[in-house]
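Participant: Chains as they are written, first to last, in my numbering: chain A, 3 to 290; chain B, 1276 to 1587; chain C, 55 to 329.
The hints are simulated quantities; they were obtained by calculation from the structure and are not laboratory data.
Backbone N, C-alpha and C define an ideal beta-carbon position, used for all residues, glycine too.
Some hints could be false.
As the list claims (entries may be wrong) - No more than 30 angstroms apart at the CA atoms, straight line, and that leaves these computed lysine-lysine pairs for DSS-like:
(1) A:K199 / C:K149
(2) A:K35 / C:K182
(3) A:K214 / C:K190
(4) A:K35 / B:K1370
To be verified - Covered by chain B, per the in silico footprint, the following chain A stretches (three or more residues, Cβ under 8 angstroms):
(5) 104-114
(6) 164-171
(7) 175-188
(8) 223-235
Next come the chains, spelled out residue by residue.
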Amino acid sequence: MSGILLGALLFWACAWALNEWLVRQKPASPAIKRLIGILVPAIFGITILVIWEGIVRGFNVPTVLLPPPSMIWTRLVSSLPTLWADFRQTFLKAVLIGYAIGCLAGFVVAIVIDRSPFLQRGLLPLGNFVSALPIVGVAPIMVMWFGFDWPSKAAVVIVMTFFPMLVNTVQGLASASPIDRDLMRTYAASYWQTLFKLRLPAAAPFIFNALKINSTLALIGAIVAEFFGTPIVGMGFRISTEVGRMNIDMVWAEIAVAALAGSVFYGVVTLVERVATFWHPSVRGGRA
Amino acid sequence: MTASAPMAAPGAGSNASTAAFRRVAESKTFAILVVVLAIIAIWYAFTVYLNAPWQLDTYRRDGQEWTAMQLARDTMAQERPVLPSPHQVVAEIWKTTVDVRPSSKRSLVYHGWITLSSTLLGFVIGTALGILLAVSIVHNRAMDKSVMPWVIASQTIPILAIAPMIIVVLNAIGLSGLLPKALISTYLSFFPVVVGMVKGFRSPEAIQLDLMRTYNASTSQTFWKLRWPSALPYLFTSMKVAVAISLVGAIVGEMPTGAVAGLGARLLAGSYYGQTVQIWAALFAAAAMAAVLVALVGIGQRLALARMGARP
Amino acid sequence: MSMQASPSPQGGGERNARASVVEASGLGLTFQTNDGPVQALSNVDLAIGKGEFVSFIGPSGCGKTTFLRVIADLESPTSGTVRVNGMSPEEARRKRAYGYVFQAAGLYPWRTIERNVALPLEIMGYPKQEQRERIKRTLDLVNLTGFEKKYPWQLSGGMQQRASIARALAFDADLLLMDEPFGALDEIVRDHLNEQLLELWKRTDKTICFVTHSIPEAVYLSTRIVVMSPRPGRVTDVIESTLPRERPLGIRESPEFLAIAHRVREGLRAGHSYE
């Protein structure tokens, strides 16, 4: 069906030209600027989908290898109950609970070791070191300890999110400038007063940085942990089994759900960050 | 004319040694050492604690008398412990690296090499592609506005989840072994490098770019003389992230093919057959590999930046 | 010798009659650095009476900021003594005896101006109603009424520094320690703020210790000028100002003003400050 392929290529050329024209516009109103800012990547994304469809249909690529977007969409729509059950198991249970516990634990430990420079000197390099390790590898151990169900996946998420939160919180707590700390000394403020009124608000940008990083790590951790063994539900489970059955369109549908979940999760954390750190130059738009 | 104020005089003679002791106590290495030793001690304690129930059951079944010392020793040497003791793991690593021929299928060296080769291949290709894409993003507005948002958005997507699919699909069209895993690693290491290098290529201050314009420098001259050197620190930082995630990708990529070879395969096999100590040994090997790779990038970073006159 | 004869014949007796807010005797502070010991302060004898406006002037390294920080218990002396309100600096700090104004405004960007001024009041436990009154009063003193709900980044540098001064005035402390508060501002804003500071001083009758590296500023603001020099940090001259308390900006061109400024320069030169 070379007609579809030709159509796709034509669409690509037009879309590219349109984008090239759009980026050269210099609109006066910020609203139009923002609209263009969203339109250009959207056009690019749609173009990718169109080309994908065109190539798969045009070259008659076997759908077990690479299904066209249209087929993925049909499969997605018809499998909503399964996708929802998987989402509930992986995201709502393993990811959210593990994320909450892991971030909270990292935060609490950071506060606990705040009064001990010795512990900070010892734990921080360790935290940085652990962040580079393939932590998903602890998944089989967690399965051994906590069973096949979601608690073991939540445990993996906890381990993955703990260290970035710890390292960033400690960095954030240290970020208050000497002048700010001297000021608190001149007020004879207690340790807790200084912590709550100065150091925690000053640490907020760092803490949110970790929360954003962890939102991605949590989802990855939960899904990959499911590759190592899980009851018959879960996003990772679905992906690995459908891959085994060569139902690649179902795999893509599951991936689409995971992608959506990941970006929405990240987006929500970013929104909260904007509200909580409204005062930070990066959020205000860079004005000093 | 003012007389100099007398310095506070500490006890004579002990001055030098107390100062040296204080320097050691306040050093980072000492703190890390103490923390690591504490972790090992806690680990041993937990080994006994977690393995004790099964051990006590065994004693009861065999009608055996036991002492605390015996319990401690036995819990540290179980075949299928809940938590292997540190020396058990070290012994297993020793057994599967030094005591075995590197080419044997039971050698951690063999499996480690399999994982390492796809990690490195994927990392190198991913970094190269990432730099290329970053260059085009920085120099072409359309690329910047259309592709960059997707690169940033992709960081929120659990890309690792598609690893099994890529392996199986590529196997189906005849590509198997090293290449599909390397492709996963490529895909994973690509994104941090793009994001980091775009930031790096854009890092020169406005006044520096203006200066280049006053010289009427061409785009390529500005790139090689200004943008590329400014971006080097960012390159090494992203490469550290990229190499670590490349390793994770290689490990995950080894699982779908029925867990035949590689560290990921050893992890999965150990998990299936309940070989706890094997799992821990493979995990430690992977962790050591990650640490060495990141350290190597760090050394490269220090060498490259030192040649550019960066402060140590 | 650390203190030279001051022009006022009644100087010593006058000072003893007024209560001494700060008394330093043989004060010294030596820092241990990687390059060896550094004498930041050496043998400083000084008494500051209530209601005075004392400027400390000298180049960097002369110990003026260090002296202020010792009074504030932000540094500890290695020799000699210093009493604040008759107590050790630590006790004085615990009793919140002074307000400190830093070189940078140091306002919290996550708090509005009025909540920034409220910061010390919250920490020291003032009741809510009193907090409101004090905030209103001090913001009025520094002419920032109307800017209560603004955030620091919405204000200019000069206004931020005024808010910082208001914060230091909000609670009951008779001593105000100011460390080059106007150093980062341009000269025109600075002149304006100098005038306002004098006005403030007259209205609140606080004792002010003011560190600066600007000779005109020191001469314009103070009742007494302490000239310091580096290596080691020490006092080379103490000048009682003969200028009247009413000082319009134009006084800075008067012969009296220039004579005092000249004497300050001589003191700095004697301490090798220009080398």
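Participant: Would you mind marking each hint as holding or not holding in the structure?
Facilitator: Hint check results:
no., hint, verdict
1, A:K199 / C:K149, "holds, 20 angstroms"
2, A:K35 / C:K182, "violated, 46 angstroms"
3, A:K214 / C:K190, "violated, 40 angstroms"
4, A:K35 / B:K1370, "violated, 64 angstroms"
5, 104-114, "violated (count 0)"
6, 164-171, "violated (count 0)"
7, 175-188, "violated (count 0)"
8, 223-235, "holds (count 5)"
When the structure is compared with the earlier hints, violations turn up for hints 2, 3, 4, 5, 6, 7 and for no others.
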